[in-house]
Amino acid sequence: MIKETICINHKKTSLTVTSGEISAVLRSNIKKTGIRLYDNNCLGIAGAIGDYNDAELTNRAKSMLSFKLPYDATPTENIKREEDFSKELGISDEEFVEVSRKLLREMGQRYPQFLFSNKINLVETQESLVNDVGTSLIQKDRYVEYGLVMKHRESKNLMDGFGSYDARVLNYDDLLKAVSINCEAYEKKADFSEAGETIPVVFLGSMFQILMKFYMDLNGDAFANGASLFSGKTGEKLFSDDFSLVVNRNPKDGFNRFFDGEGIVLPDDRFALIKNGEIKAPYTTKRTAKMYGLPISGSASMDYDSAPSATPYGLAVAKSSKTLKELLGGRKAIYVASASGGDFTPQGEYASPIQIAYMFDGENFLGRLPQLSMSSHINDLFGKGFIGLSADNDYLGSPNNYLVMNMNVKKIDGWM
Amino acid sequence: MKYTFPEGLYTDVRIEHVFSTEIAYTMENLQDCKEKKYSAAFIRVYDGAMWYNASTSDLKGIQDEINALAKLAKPNPNIADAPIYKNLSAHKDVVMAFVGREVSGVPLQDKIQLLHKTMPFIKDNKYVKMWRLWYTDNYTVKEFYNSKGADIIFDWQQCGFNASFTMMDGDRKMDESCSVPGISFSDLKGFEDDLIKALAECEEFMLNSVAVEPGKYPVIFAPFVTGVFVHECFGHKSESDFMIGDEATRQEWKLGKKVGGDDLTIVETGNIIGNGYTPYDDEGNKATMTYLIKNGELTGRLHHAASATDLEEGVTGNGRAMSFEYEPLVRMTTSYIDKGSKTFEELIAETENGILVKTLAHGSGMSTFTIAPRISYLVKNGKIDKPVRVSVVTGNVFEALGDIDGISDKVEMWSFIGGGCGKMEQYPLPVGFGGPYIRVKNMTVQ
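Line order of the protein sequences matches chains A and B. Using this note's numbering, the letters of the first sequence map in sequence onto residues 1 to 416. Using this note's numbering, the letters of the second sequence map in sequence onto residues 1 to 446.
Just to be clear, a hint being listed does not mean it is correct.
Claimed, not checked - Straight-line distance between alpha carbons at most 25 Å, and here's what the computed SDA-like set of lysine to any residue pairs gives:
1) A:K68 - B:K37
2) A:K32 - B:N138
3) B:K36 - A:R60
4) A:K68 - B:R132
5) A:K290 - B:E28
6) A:K384 - B:P214
7) A:K31 - B:Y427
8) A:K177 - A:F365
9) B:K189 - B:G100
10) B:K286 - B:D151
11) B:K216 - A:D191
12) A:K156 - B:E313
13) B:K294 - B:E252
Derived from the structure by calculation, the hints contain no laboratory data. This one's a predicted model, so the numbers in the text were calculated from it and none came from an experiment.
Make a model of the complete structure from these sequences and hints.
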């Protein structure tokens, strides 16, 4: 029997911002521990929140073995690595609160026509996977998360923009610029023709919606069972030469944990699922990889008390060597500040409203656009319409780069 | 008094005792199987200007946490005069609605067997290439105490299972899921006929659906979809923490404003047993029956203590937190459109060229709300014509309620299995929703 312990420690100082002022402070320090027992190709798991008794938790995991949760892969052996990013931020909790107060004061003075709200967090994490066959993987981190909702005082909307700054460094000028990014351009309206047109569209930050089809159809189970658009297409070139999709576990490219929930550490912390437009592999766990004869992509989930399952954690478009300006090549683009609620059909057709957008020249916002919709097809988004992911990002230490692709964009409902 | 509360401050303590189960199968392979039990707490101290909060899993250390938060706050001898203080209650109550039928008393093996009973219906279907089955339950007992004397204990429960699957036939593909929600484990029996019907409809849809011609259509929403529509299109706008300090939004959503037809009534309440059941909210305020819209007129909105204070309205029992790790925000409980006067058949018969949305993947709501359908039909000349694939239905939240031009005569309520409502960082919060069939003019369909 092999024993493995997963620890997830999250410590947070969280400031609630209401009408531009801090209205609440929350301090939390939550420790979650899971014990996994591997025995006779089965897995028994038990978890605890807070302090726990190791013998009692181990016994609970032992009793779960009777339910014969199958696990025929081998626990990761003899890998030791520790990454510690917790010292980079270099500010105390008190300094964090002071910087945040200063920021809110300055934003209130600079942009009195806006109300700011939502959350500001200082997060400290320690995550580890340690087992009794010589594996010890630990990552420590400490970073700030500024997420401010912006609302114009005369607007009828619930929100008119969102500014965020997530980083392991705290550069005040970058912070101010990032969280107030849309304020300057908001009141200037830009034109957009009624008819649909194909135009470069720029996304920054979360690309969840645009990558959603890959989340679904590059899942190892779906891929191997013929339930994916990409089933049976390994080795086929379906997309642009410039498009590669990777599992990125490099902790320097964001806040990625370098190991997955089965203790897999990827060479160079990356694994290619699509390379230069060619389908290479789906994302897998050790268990799904063994079951279907697929490569292991380091994509096992790491819930403290769950069995590992395949997750699209770290799935990211590979960066190009070009800057945003070079990718746009002088063309104007639609900068999508907020687009929620869209989806792909099972066949790969994509459509989404764009709630907040700006006309953009690659450096400056030229004005706020009316309500728009965008549409395309998975084959076009990452095929003939794909322009690239920029090498540059929006501020020092930002986990975000600019994704640029041609899409069909239409005006829908006028101004909000 | 269970705790010693510091002088000159308001303090409350919310304790959660949680039991939950999750069992997951992928293609007959047991993927996960776990029972979880924990107790944890959220503590708040208020000095009339700021809230000082902490979450902890150490119940023995609650008094120490109270004392530590009190040191951060500035004691206020006039705390009882603080407007928010007046909107925090001192109820004493015990409401145990699920005792004797707790899911924690059902053997894990019985829950596994329930999924085994479901498997043949899915795996024997010739078009199903990939499927997952997932059972979940949760039994939670909440305690709430505050420095005004509140002493409340109540319980909450949900259970159910979900089958999600992908059907394929050549290039044709269909993703769908079927949920069976319940309050007690015994509610989950007798699902077979519904599952067989759902699978047959998916087959039909996958084999015969065509891409919709994009454009503006009247759209008829099935009751489940109506529930998501009311939640996304209107419910979030009723959450009045968005209106704190915001005069423009208050004017836009001024009570008394006519926003819909005379037959449109929207209700919100935490008193209905289901996912949104919240007899007391996470600030200790009691659930109310709030008519958000009555006969087409705005008549109410949702509050926690701070928003009620700011808008000078009464609390409604909608201060809810996702778990012990979070503070209460204004959140929905169970929201629904009340019944109208038409039959479903009349709604269809009156529609010349429209879309019927029967099931959906998800919805969202800001200035533009969205519904991402899974199964939809074209309605032509008063009849359901053919299945159509739709990526997304969108509409303007400020106009959509006024564009409802038909409401059917039967309300159906629904609860999600897994998932729930998201707001800011708190997702998923269990909510209930529902309504009748409704028809909305001028929706953008893509």
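Could you tell me which of the numbered hints above are not met by this structure, giving the numbers in increasing order? none
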